[in-house]
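*Asks:* Take a look at the letters that make up each chain.
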Amino acid sequence: DAKTTQPTSMDCAEGRAANLPCNHSTISGNEYVYWYRQIHSQGPQYIIHGLKNNETNEMASLIITEDRKSSTLILPHATLRDTAVYYCIVRVAGAGNQFYFGTGTSLTVIP
Amino acid sequence: NAGVTQTPKFQVLKTGQSMTLQCAQDMNHEYMSWYRQDPGMGLRLIHYSVGAGITDQGEVPNGYNVSRSTTEDFPLRLLSAAPSQTSVYFCASSIRHSGANVLTFGAGSRLTVL
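Protein sequences, first through last, are from chains A and B.
Using our numbering, the first residue of the first sequence is number 1, and each one after it goes up by one.
Using our numbering, the first residue of the second sequence is number 1, and each one after it goes up by one.
Calculated from the structure, these hints are not laboratory results.
These numbers were taken from a predicted model, which means no experiment stands behind them.
Hints should not be assumed to be uniformly reliable.
Interface residues of chain A toward chain B, partial, derived using beta-carbon atoms under 8 Å [to be verified]: (1) Cys-12; (2) Gly-29; (3) Tyr-32; (4) Gln-42; (5) Pro-44; (6) Tyr-46; (7) His-49; (8) Tyr-87; (9) Gln-98; (10) Phe-101; (11) Thr-103; (12) Gly-104.
A virtual CB, placed ideally from N, CA and C, is assigned to each residue, including glycine.
Same shape as in the complex, but just chain A (with noise of 0.2 Å):
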């Protein structure tokens, strides 16, 4: 599976977008990138997906590059309630459900 990279930290003020990118520069042709998040010591909830179309739900937004190198998740009206560790996973379809998590990116939303 390609290896992400992502920022350790980000603060967002509330009420604004909150992006966070994540560089997967080995990503292969059938390699997803998923979106998960932790709020504070809860299991992680899966946020989004996507291959090479940018993506959309009641969550957030998935935008990744032309070349899939990176991408970038768009929290549109960030919340209190969206301070959390964000983690970014490439991985390819239907292998399983073995998703390595690295250490993710902590969003801190600020009021």
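Once you have looked at the hints, place chain B on chain A.
*Replies:* Showing chain B alone in chain A's frame:
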């Protein structure tokens, strides 16, 4: 649906004791896995299963055993607890979603080994 249920939520053991962390899911998910999370670190994969009767090792399998006799249950056994196994343990199961796998996690089991 209850989702992924882990028991116990908290447990204190003495060095050398054995115990089993339970994980059950009621979503008929094919895949299940166990992770541990140490303070300030990400999750590390211990063992996983792609179906009943099939298990395999992850990144940090030493000191742990698993079995998968049913689709619903995936217990994690600590054979002889050590202080290094003090951690928070998460169980996860997965389905296919839009051609990819999406993990659903339990609430976690916090284990302290004295």
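*Asks:* Quick one: which hint numbers does this structure break? Sort them smallest to largest.
*Replies:* 1 and 2
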